[in-house]
Every structure is written in C-alpha cells, then in structure tokens.
Amino acid sequence: GAVVSQHPSWVICKSGTSVKIECRSLDFQATTMFWYRQFPKQSLMLMATSNEGSKATYEQGVEKDKFLINHASLTLSTLTVTSAHPEDSSFYICSATIDVEQFFGPGTRLTVL
Amino acid sequence: KQEVTQIPAALSVPEGENLVLNCSFTDSAIYNLQWFRQDPGKGLTSLLLIQSSQREQTSGRLNASLDKSSGRSTLYIAASQPGDSATYLCAVRRGQNFVFGPGTRLSVLP
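Protein sequence lines, in the order shown, are assigned to chains U and B.
Numbering follows our numbering, with no gaps: position 60 of the first sequence is 222.
Numbering follows our numbering, with no gaps: position 84 of the second sequence is 86.
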C-alpha cells in the first residue's frame with residue numbers, strides 16, 4: 163500500500179513555542195491530505211482538510227490561527243501548532259487518499275510542558 | 003450530523019476464538035466504510051474497505067460486512083491470535099468527510 167510518513171514522531175516543547183509537524187506522501191502525489199487529533203483513549207477527530215495550493219478547510223471548533231496548515235506541494239503538508247499550550251498535547255495523525263482509500267501516517271506525539 | 007458508535011468498547015478473549023466487532027452509523031448516505039487497526043502509540047493500518055455498493059469484503063481471517071440501510075457494519079475475526087490485540091476503528095466516509103468511531107480495544111490472551 164501507499165506510504166505516508168510524519169516527522170517528527172514525537173516532540174516535547176515549552177508552553178508558548180511553536181511546533182511544526184510534516185506529513186509526506188512517499189510514493190504518490192496527494193492533492194488532499196487530512197489532519198487528525200487523537201486524545202488518550204479517544205478516537206480520531208478530523209481537524210482540517212489540507213488542499214494543495216489553496217487554503218485548508220477547518221472543522222468546526224478548530225482554531226485556524228492556532229493550527230496553521232500549509233500544503234505547498236503534492237507530497238508535503240505541514241501543521242504548525244502556534245503558541246502551544248499543555249492542552250494542545252495530543253497525538254496528531256495525517257492521512258492521504260488514493261481513490262477511495264485512506265492511508266495514514268504513523269503519527270506525532272506532541273507534549274507541551 | 004454523522005455519528006459512529008462501536009460495540010463493545012473493550013473485549014478480552016482467549017486465543018483461537020472467533021469474534022465480532024460492531025460499528026453503527028446514523029446517516030446511511032455514506033461513500034464507503036473502512037476498518038482500521040491501531041496499535042498503542044502508532045498510526046492506523048487499513049484492514050478492509052467496503053464501498054457503499056458492496057455488502058462485504060474479506061482478507062485472510064478478516065471479514066467485514068456492510069448493511070447500509072440499517073447503518074451497521076461488522077468485522078469478523080476468525081481464529082484470533084495474540085497478535086490481533088489492538089484497537090479496531092471503523093470510519094465512514096461521505097464526500098471528503100471522514101467520521102471515526104471510538105474504537106474497540108481487543109485483547110487476545112495466549
């Protein structure tokens with residue numbers, strides 16, 4: 163199957179700093195990627211849909227100024243958590259679709275101290 | 003608004019048992035339904051994808067069925083093994099929107 167990678171796999175940062183997470187499609191081009199957040203023992207919640215060359219579409223309740231998404235190429239989408247706070251600590255997962263099937267990255271564990 | 007539920011929330015079985023995981027969704031106008039496996043602290047691995055026009059899909063010891071009219075899908079795991087221990091998530095797709103269920107945490111005891 164298709165491979166989606168994320169970097170870093172984990173990150174620890176101080177409150178108030180910004181953190182960038184990368185999502186790459188390694189062997190295919192993805193015009194659309196998705197960003198999810200998963201809190202401990204909970205399911206995935208879609209945060210936003212990242213569209214190559216255009217603005218991301220955010221789900222209701224997700225602050226677009228806090229979670230900046232850039233999809234500058236067909237193989238790379240980035241999520242920047244700006245001015246991170248402890249409540250932003252979570253597992254962030256990206257995905258991309260080929261035809262009708264979703265392929266997920268391995269996730270990034272963010273811990274904000 | 004689409005809501006997805008999964009029953010049971012957790013399941014513990016001895017090795018070798020056949021088991022069924024259930025997924026229900028409130029809006030039957032879906033594009034497809036996908037079952038995933040998630041190991042602790044890891045991303046998701048796709049197990050089976052069922053298109054809205056299909057009724058079931060099989061892969062190895064896994065069989066997934068879909069009854070769109072009643073808003074239900076089941077994942078059947080035959081002859082369970084300790085390596086099957088993980089959280090199983092179902093997700094329904096409508097257009098570009100994906101909605102996940104809360105998952106079933108499965109433990110298969112040796």
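Treat the hints with care, since some could be wrong.
[To be verified] Below, in silico cross-link-like pairs of lysine-lysine (DSSO-like), each with a Cα-Cα straight-line distance of 30 Å or less:
#1 U:K228 to U:K182
#2 U:K176 to B:K3
#3 B:K3 to U:K228
#4 U:K226 to B:K70
#5 B:K70 to U:K217
Hint data in this document are derived by calculation from the structure and do not stem from the laboratory.
It should be emphasised that the depicted structure is a prediction, and the values quoted were computed from it without experimental measurement.
| message | Under the constraints set out in the numbered hints, which ones does this structure not fulfil? | response | 2, 4, 5
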